[in-house]
Amino acid sequence: MKAFAALVAREVRLAWTGGGLWLPVIFYLAVATLFPFVTGPDKALLARTGGGILWIAALLATLLPIERLILPDRQAGILDQLALRGWSDELVATAKIIGQIFAFALPLLLATVVGSALIGLPEAQLGTLLLGLALALPALSGLSVTIAALTAGLSGASALGGLLLVPITIPLLIFGAGTLSENPGNAMQLLAATALAITALSPFAAGAALRAGRT
Amino acid sequence: MSSRQAPLPSIIVDNVAVIRGNRLVLRGLTVTARSGDIIWVRGANGCGKSTLLRLIAGLLYATAGSIKAEGRIALADENVALDANLTVEKALMFWADMDGASADARGAALADMDLQALAQVPVRFLSTGQRKRASIARVLASKADIWLLDEPYNGLDSASCARLDQAITAHAATGGIVLVAAHQPPSINVAHSLILDRPEADA
Numbered sequence: 001m002k003a004f005a006a007l008v009a010r011e012v013r014l015a016w017t018g019g020g021l022w023l024p025v026i027f028y029l030a031v032a033t034l035f036p037f038v039t040g041p042d043k044a045l046l047a048r049t050g051g052g053i054l055w056i057a058a059l060l061a062t063l064l065p066i067e068r069l070i071l072p073d074r075q076a077g078i079l080d081q082l083a084l085r086g087w088s089d090e091l092v093a094t095a096k097i098i099g100q101i102f103a104f105a106l107p108l109l110l111a112t113v114v115g116s117a118l119i120g121l122p123e124a125q126l127g128t129l130l131l132g133l134a135l136a137l138p139a140l141s142g143l144s145v146t147i148a149a150l151t152a153g154l155s156g157a158s159a160l161g162g163l164l165l166v167p168i169t170i171p172l173l174i175f176g177a178g179t180l181s182e183n184p185g186n187a188m189q190l191l192a193a194t195a196l197a198i199t200a201l202s203p204f205a206a207g208a209a210l211r212a213g214r215t
Numbered sequence: 216m217s218s219r220q221a222p223l224p225s226i227i228v229d230n231v232a233v234i235r236g237n238r239l240v241l242r243g244l245t246v247t248a249r250s251g252d253i254i255w256v257r258g259a260n261g262c263g264k265s266t267l268l269r270l271i272a273g274l275l276y277a278t279a280g281s282i283k284a285e286g287r288i289a290l291a292d293e294n295v296a297l298d299a300n301l302t303v304e305k306a307l308m309f310w311a312d313m314d315g316a317s318a319d320a321r322g323a324a325l326a327d328m329d330l331q332a333l334a335q336v337p338v339r340f341l342s343t344g345q346r347k348r349a350s351i352a353r354v355l356a357s358k359a360d361i362w363l364l365d366e367p368y369n370g371l372d373s374a375s376c377a378r379l380d381q382a383i384t385a386h387a388a389t390g391g392i393v394l395v396a397a398h399q400p401p402s403i404n405v406a407h408s409l410i411l412d413r414p415e416a417d418a
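Protein sequences appear in the order of chains A and B.
Residue numbers are given in this note's numbering: position 138 of the first sequence equals residue 138, and the series is strictly consecutive.
With the second sequence counted from 1, adding 215 to any position gets you this note's numbering.
Just so you know, the hints here were simulated from the structure itself, not pulled from any lab data.
Don't take every hint at face value.
Unchecked claim - Residues from chain B that keep clear of chain A, each with C-beta distances beyond 10 Å, as calculated:
(1) P222
(2) A232
(3) R242
(4) G258
(5) S281
(6) E285
(7) A318
(8) A320
(9) A334
(10) G344
(11) Y368
(12) S375
(13) Q381
(14) P401
Stated by the list, open to error - Derived pair list, reagent style DSS-like, types lysine-lysine, alpha-carbon separation capped at 25 Å:
(15) K358/B - K2/A
(16) K358/B - K283/B
(17) K2/A - K305/B
(18) K305/B - K358/B
Even glycine gets a Cβ: it sits at the ideal position worked out from N, Cα and C.
Here chain B stands alone, though its shape is the one from the complex (with noise of 0.2 Å):
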């Protein structure tokens, strides 16, 4: 709900402890992003990944810490969030007209996710990677500056896959920001990112 004039988007969370359902999640943690920064949220499963971006989005509290998030924050987790009984076009449209978002925007969206030919098609009958692939697209569509992507490649065959890499690269070189929690290695240039590795986590 920022302006249009807003600072340049930033993450900065500090010291943070979280406890969900009598267990020590994440504790310790801090990350902060600036501008620009993918950061690659690595570790076992259960390790507090997913965790991390709920917190990030505002969906969840700290128990200890404090997260400040600036810029506006799409998230793309294992929910697909789209109606099931629309086209994916018009799934997309409710979120993108919610969001402010242009038409083009949208198609942009679309192109980027290689969902053109299933635009017309229910959400209900995608397949668990095109599943994905939509909910990426609502990330895309949506122009937030902050993207909290939970396993994005998590069903993607290795095509949609170089489109994701494509598009997380080409939103931090506009100066956004990309979380990414993945189990695996990061399959683009990090260079400017950080990796978390807290697989001990549940002490």
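Looking at chain A on its own, in the form it has when it is part of the complex (with noise of 0.2 Å):
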């Protein structure tokens, strides 16, 4: 149990010297900040779209960290340590993406905050806003460790990421925008078990990306 906090700890450390955990918050905040000068200030458009691009945002930051996640500790030997000393694959998997809970997940829950002032949410939407992207973010930490850990190694990992992250991430969207909308119920309702489900999945599915890119 020491051995897992100290390698999510490792994780958050990481993040925090390597530049990971400031670039999808200043990358999500940029977004939060340019986009009223598309729209113009028309108050009212911002509060009723402003919910959605964060969204958005919040989707696209996530792809942001993945060339550090898997690729500098196989390099480095790192993850064959580690398997050495008897770890699965998925308890590996398992400690980086709650390092990414901490090191991605909860900054850009902050950074909302701020963002939703920059976009002028209506502050009763901010609090469905939050709530939602608290239960989507660590699925999307979830999803960022496996597209790392499958994409690991083969060139264009970046663009190819994109690639796997959109199509699994739209259901995450759809529902996340629906809670934005006047009865956000339903909607947050699906959004938790989409986010549960690609939260609990992702340790198996990162975890046999590991396993397969060992040689």
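Hints are included, so try docking the two chains, each in its own frame, into the full complex.
Below, the structure written as structure tokens:
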């Protein structure tokens, strides 16, 4: 358990020192800053579309840390050393996903407060947006680790990562945007179910990808 | 992950064949190592030395045959497996904590590889030989029973080679097993060793 915590802490430290923590946050806030320039200062329009834009920004921000999640550890032999010590690949993947929740999901959630202010989202919507993202971001963390494990070592990994991510996240995006409507109840439940399923399956998918990538 | 009361370390590789990427890398290989053995695996480039070490470490699966390793294993291959941004000491501490090794063991490992002066230097600034010494120190600090060293002498100066010789001999003398894959002849007393030379393995 202590070793598991050490591995999670290592993920957070790597994100913190390697710039992986700030990059998605800056990207996310940049979208929130730029969007009003495109639509103009129409308050009603921003309030109606702003939440959806933040959802898209969060999904795309998922792609940013992908290249540093698995490949450097594989090349440095860290994954081999963990396997040698009897760690299952699923457990390594789980530690990485939890590390991502701390190093990616939480900062993005905090940035949402700033981002929604930049867009001028009504306060009533902020709560729904935060709840929806809080449900979806663990799933996105799981997907980023899974995609990183699948594409590690391939050329054009980030482009391929985008192609893999977009179809899988469509349900999250549909239900996530649905929660921003007048009556968010049903969409929130579906979002929670979808996000939970993706979060729960991702350690196994990422673990299998890690195992397949070992040569 | 074996307990303290584990039996003496041993390795039994029985009639193993390995196919990697449609190529037969190892065939009919049998190696037995008991507590106190130093096995010097020699052979031409590509004859399967690293493959054998990764097999014993459990990182590869044999196509045929069986491998049994009793005891905790530590591996030092061409990857240093230390975080580049951490100091040598902190990077070693990560694995030492994971292995439950004491601070003394870690200090001794640093001293054995003459790394005290570099303990506070980030891993990314180390030279080739220094990185090799750091990865050997990681093995030393792990207190594992079985050491798998892949080309450990590469990049080492003569003083460091002597230190490594000493560490290997000392580990074998205390009942450990050391497998050294190297292309040069053994530089230590290999009375308890078996020299494998399989240059024709790619048949």
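So which of the earlier hints does this model not fit?
-> none
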